[in-house]
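Novice: Listed here are the chains, written in short residue letters.
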Amino acid sequence: MSFIQKFAERVDTAAISATAIPQITQEQNFGVDEAYAIQAASIDRRVQRGDPIVGIKMGFTSRAKMVQMGVSDLIWGRLTRSMIVEDGGFTEMSRYIHPRAEPEIAFLLRKPLSGVVTPLQALDAVGGVACAIELIDSRYENFKFSLADVVADNASSSGFVVGTWREPGTDLNNIGMIMNVDGRPVGYGSSAAILGDPVRALVSASRVAGEAGLSLEPGMVVMAGAATAAIALEAGQHVRLEASGLGFCEFRIR
Amino acid sequence: MDIHQESGIRDAAAAIVSAFDKRVPTDPVKSLIEPLGLGAAYKVQREVVAHLSRNGARLTGRKIGLTARSVQSQLGVDQPDYGALLDTMEYADMDEIPWNTLIQPKIEAEVAFVLERDLDQEGLSMVDVIGAVAYALPAIEVVDSRIRDWKISIFDTIADNASSAAYVLGGEPRKIDKLDLRLCGMRIDNAGEPVSTGCGAACLGNPLTALTWLARQMVRLEQPLKAGQIVLSGALGPMVSVARGEVYEAQVAGLGSVRAVFGR
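Here the protein sequences come in this chain order: B and A.
Residue 971 in the working numbering sits at position 27 of the first sequence, and the numbers go up by one each step.
Residue 332 in the working numbering sits at position 245 of the second sequence, and the numbers go up by one each step.
Be careful, since some hints might not be right.
Examples of chain A residues lying across from chain B (beta carbon under 7 Å, computed) [to be verified]:
| no. | residue |
| --- | --- |
| 1 | V104 |
| 2 | F107 |
| 3 | Y222 |
| 4 | P281 |
| 5 | A340 |
It is worth saying that the hints were derived from the structure and are not from the lab.
The model shown is predicted, which means the values in this text are computed figures rather than measured ones.
C-beta atoms are modelled at their ideal positions from N, C-alpha and C, and glycine is treated no differently.
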């Protein structure tokens, strides 16, 4: 078995059993290209189990996030159907190791999107825009990882909640956002933190998907990246994101 | 007040005034005034502002500071503070702010409220306050501590005119009834990079809440806010350090934009 398959199985097992593992780059050093191969192989295991890809997520798209994680590159990961948490629904703490929540902007595609595109072409492929919360949960002990580690681990993605889809507006670059836990605000932000404009994250998503030979299909979701630093979650909490012009989305963790 | 207390206030004011005049920061003044309470810190502020106004500078309004709960807890306080705005501190959009007037500047994006009525009665309601606002402008406040390395306590920042240095007003007055001051996005960009992001609610939940706090406070202190005065709400996101020669643009959704240009 190649080290790609070995580590793919390891991060997959860690994810489904919600068990933290040591950083895999501590065992064997590898680069970012191999890391994406591990990610693809680990997600392929899920697909084989009947859990199809429903979109992609962009990560490290904000300065706050880069500082928090000590990296300087944008990364991406795959969203699968089992990661969907219903808006207004709940998710089980037992599914996660040390989950955190991030406020995001999500795009719903109405046309295929792949390769290098202009912002206008990217927006033309958008059927809806919504506020969204991503649940991230590094499979590594203490949420500590190198760039290659986190890429192999599907960019820490473990769940996502999407609010009501709205008609795509033209101006998404300064949407005020408030994250609330149990009704109290814990973070304030603007969609400006997402690469200066979430549409740029969509353009990047198209490019990286194209490079990976992945076509983003109509009906798929693109999570553009976080607008504030992630918030650590505890069982029993109610998490709600409000975003100007995009309403709100929320979930409980129990 | 005994002579010892007066000397504490006088010494603190002298240290800050000297830092202003020489553009060299001073040690914290906390130890000189802490035993006398926050009221003494505001007495120092009044002396400092009197010095800054000595050549005829006019009071144009007030700034509100410490409007982020996170900053309040860092400084161990549970309410905002305030300082004086003078006409000598005001710059227009794109005006160059001379670098040699500053020590260790940072900026914040805020909402500037301009009043059209005095807010001088007891028992002010937020409704009175809303009714007194003529319009709002986007604003950048340049903050700058006269205390070395920004090692400030609540006493130091109040004494140091709430760490205010200058303010830049945008040129698009807006009526507040069309604005969502709570959920409006805020971004500050420098050279194509968002360097601070936030939203209206970062300022005490709503900039109007901060304005109401100040209006009540100033009635209590018998220095009520007056028609024509400007009130800077407090920051809508984290403050950021600025560099010589750089240009920073702040945008507040619904309010427009304003630029601070720092001299080389």
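Novice: It remains to establish, for every hint, whether it holds in the given structure.
Specialist: Hint check:
no. : hint : verdict
1   : V104 : violated (36 Å)
2   : F107 : violated (32 Å)
3   : Y222 : violated (20 Å)
4   : P281 : holds (5 Å)
5   : A340 : holds (5 Å)
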